[in-house]
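Chain by chain, the residues run as shown.
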Amino acid sequence: MSKARITGAFDTAVGELPGSTCMGLHAEAAMGAVADAGLRLADIDGVICAYSFTEPHLMLASVFCEHLGIHPDVNFAIQAGGATAAIMLMQAAALVESGQCRHVLIVAGDNRITGMSRDGAVAALSEVGHQQFERPYGISVPASYALVARRYMDEYGATLEHLAAIAVQHREHAMRHPKAQKRGDLTIADVMASRIISSPLRIFDCCLISDGGAALVVSAADAAADTRQARVDILGCGQGHTHEHISQAPSLTDFGCKQSSAIAFGRAGVAARDIDVAEIYDSFTITLLVELESIGFFERGAAGPAALDGALGLGGSLPCNTHGGLLSYGHSGAAGGMFHIIEAVHQLRGTADARQVSDAKLAFIHGDGGILSAHCSAVLGRV
Amino acid sequence: MGIPLPKTNADTQPYWDAAAEGRLIYQHCLTCNKSQFYPRSLCATCHGGALEWRESQGQGTVATFTEVLRAPTAAFKELAPYVIALIDLDEGFRMMVNIVEGDMERLAIGARTRTVFREVDGITLPQGALA
Ligand SMILES: [Zn+2]
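If you read the protein sequences in the order shown, they are chains A and B.
First residue of the first sequence? That's 36 in this note's numbering, and the numbers climb one at a time after it.
First residue of the second sequence? That's 523 in this note's numbering, and the numbers climb one at a time after it.
Next up, chain B with everything else stripped away, as it sits in the complex (with noise of 0.2 Å):
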């Protein structure tokens, strides 16, 4: 068994289909001007529904990071270790990634980084390289 895979609905197509052509988006809310992630049905700060979706430059800042040694499954426990960070995009919203790119010794709190693009099993995963 592999990786799970997401299982998109009709909130987040849009979203994996833009990562399948190496687009990250987000929801921007037109009413409170809040930028949204993960996509959702409305907005979670105005509960609004006028959301427009926007394309990240996806550049972001490390705002925490673990390096996994144990790993939950057996498909993971193969890709051990591996690094997770929680990235701030500069657009205003924060995102769960993997650090698959960079210089490691670079690794910190505040540390600059870009999207990549990554397809494990057939989808596109949205991925952090150290800038």
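Only chain A is shown next, with the shape it has when bound in the complex (with noise of 0.2 Å):
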């Protein structure tokens, strides 16, 4: 079988961006790709979509393709929180692949900061706790994750340094990003006298909230003809899922990302030391770690002092969210996880500019929703 490839990738700017909306964004995220493939609208038959804040909706995918005015034949919307982007992927791979499809639109945007506000956006997402056995507690989502940070660091000794390290990588590669939401300079002790905001996390440990749209197309392999840009392939993608609520989680150090990491590099034919790249779910630096660790990049308590070390920088043993991730690039929604696999893009084709990883091969994308609850990886590659 022919493996899928994505074919067009455009995101829009990031950031605070007044006039926004949510449709527009999804709109000019589309158009962008479509383009970028060298398309036309009407050669997309399938359009995945994914969930808004700022316009929910019970048929997302419906109401933009109505904004857009286009009539594919196949559409629908995912949702799965932090996966949305990565599952997305792999579903349109699928379509492609089982010649259901032949170029398959995925598109994702929001406008968290002007359509709603931080706060707005910070009590939307505390609804992923239980609603009877979390929510009355006070659970958010910092806090879901700050007791795997607080677990993490007793079993495996990870430091504060060692989260802080993590946070001022990402902030050193979105410095090399001309469209990054944060460029200034950052350090272990900025991150480290940074406000708490549910111990051990502190305000650096956090991802972004932004506006901010993208979108990708995904052609068949004997489709992709149509296209125009340096070919890259779907190698092979994966899912994990082991619970959705923290309180129910079956390990609080080990989660769904080692089961959809292995599917996928076995479906790759791959193994996590030949990845040149990885582009993965970071919604707060603990995040970042335990899946580095789960997933195998990294031996248990090796992955803190290896960021510290410089590893997950351009020139580290794992360059990892080379354009600055959700904690330094942006973070709107199910765009968020969808600028990762935009990022992985432009790593294979060699047009990552400043942040390019020199003869980038094979990439690694990762996304993870809830609080490390729903996870999906792939593989992607330059052939």
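If you're looking for bench data, these hints aren't it; they were derived computationally from the structure.
Any given hint might turn out to be false.
What the hints assert, rightly or not - Distance condition first, Cα-Cα at most 35 Å in a straight line; then the derived DSBU-like pairs of lysine-lysine:
(1) Lys599(B) with Lys217(A)
(2) Lys217(A) with Lys396(A)
(3) Lys38(A) with Lys214(A)
(4) Lys214(A) with Lys556(B)
Here the structure is a predicted model, which means the values were calculated and not measured.
Once you've looked at the hints, go ahead and assemble the two chains, each given alone in its own frame, into the complex.
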């Protein structure tokens, strides 16, 4: 079977975008990705959307196609929190590999800053907590990840300095990206002196909240001849699901990313050590630390010291989140996870400019939704 | 607007009724002998339906905890800072509580706790106290 390819990629500006709307960001990203592929909208026969906080709707994919004025053969939405973009990619690949579609557009966007405020976004996100058995106790998403962080630090000796090193590395990457939301200097001392949100996590351990949109076109191998960009194949995808609520997680230190990555590596016929660049969901510094070790990029307890040592930098053993990630590039809902995939595409096409990992041939992307609940990984390759 | 109060349902009503009487109850599966929390319509381990309500002694151990300074909603901002912990009860189930009593200097993973009950806006929430 010929593997699906990513033929188009586009992301809008991120940050505070006055005048932006949820559907406007969707439309801009979609038109950009289709143009990037060298296709026309009429070539798109499948559309997958995600979800929105500012314009929530039971049928967001139908709303989007109506907004854009298109009538695809296949159209639906996926909701899996931070895993959504990766799952959209996996589903798009399945649609084109099974012959049901030729060119699938996957698109997400939200104006979370100008459309709802930081307070509003934090309150809305806290609803992922269990209504009866977590939310009455004042749970929030940062508090849930803080529960993981505390346990992880206790079991494996990770330190606040290790977490801070991850935040600083992301900022260093973002400073090389002209579109990144946060590009100011940040030191380990700055992070460690910053305001505590939910101990042990501080404000710089937490992702941004942004306006922004992103889209990709996924094409069947035989349809990719219609497109114009350098070839990027989706070599293998996988998922892992263990719980939704953190109080129900079977482990506080090992998560579904272990399974999702093992499946993706197996289907791609590669191993973690073969990966040239990784773009991994970083809703919090602890998210990335846990995932790097649970996936197997580093031994238990080794990712923190490695981050402190520059291993995640451009010249390191595993350049990671080279655009600056959710921590410093931007995070606008499901589009946040798609920024990781778009950065991987730039790395594989060789168009990552000042952030380019030399001769990047294999990229790993990963999204996690909820509280390390839903995971989806993919291996992408330049062929 | 106050804190989000539990919207009870048929699966969970006995739990909240017991909490109102100052008792912590949980489900125990007679088929596979596992305890489970939160209450469900079936056993999440063996998927059988032979569930029995049992009363917990309320003794447990802190699995992890966090002190929340930046609360998610206005009602919780008034309560902040507050501590959220996951407690492993001796009967073999895990639940989320606030640590509302005891010497906070002793708050640590592995610290022993007992269950206490606190009324908020007309509902009784099981909570944790450092032993
Ligand atoms: Zn059972």
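So, going through the hints one by one against the coordinates:
1. A threshold of 35 Å between alpha carbons decides the hint, and for Lys599(B) with Lys217(A) the separation of about 27 Å falls inside it, so the pair holds.
2. Taken as a hint, the Lys217(A) and Lys396(A) pair is honoured in the structure, with Cα atoms around 28 Å apart against an allowance of 35 Å.
3. With a C-alpha separation of about 31 Å, the suggested pairing of Lys38(A) with Lys214(A) holds against the 35 Å cut-off.
4. Distance hint between Lys214(A) and Lys556(B) is unfulfilled; the C-alpha atoms sit about 52 Å from each other, more than 35 Å.
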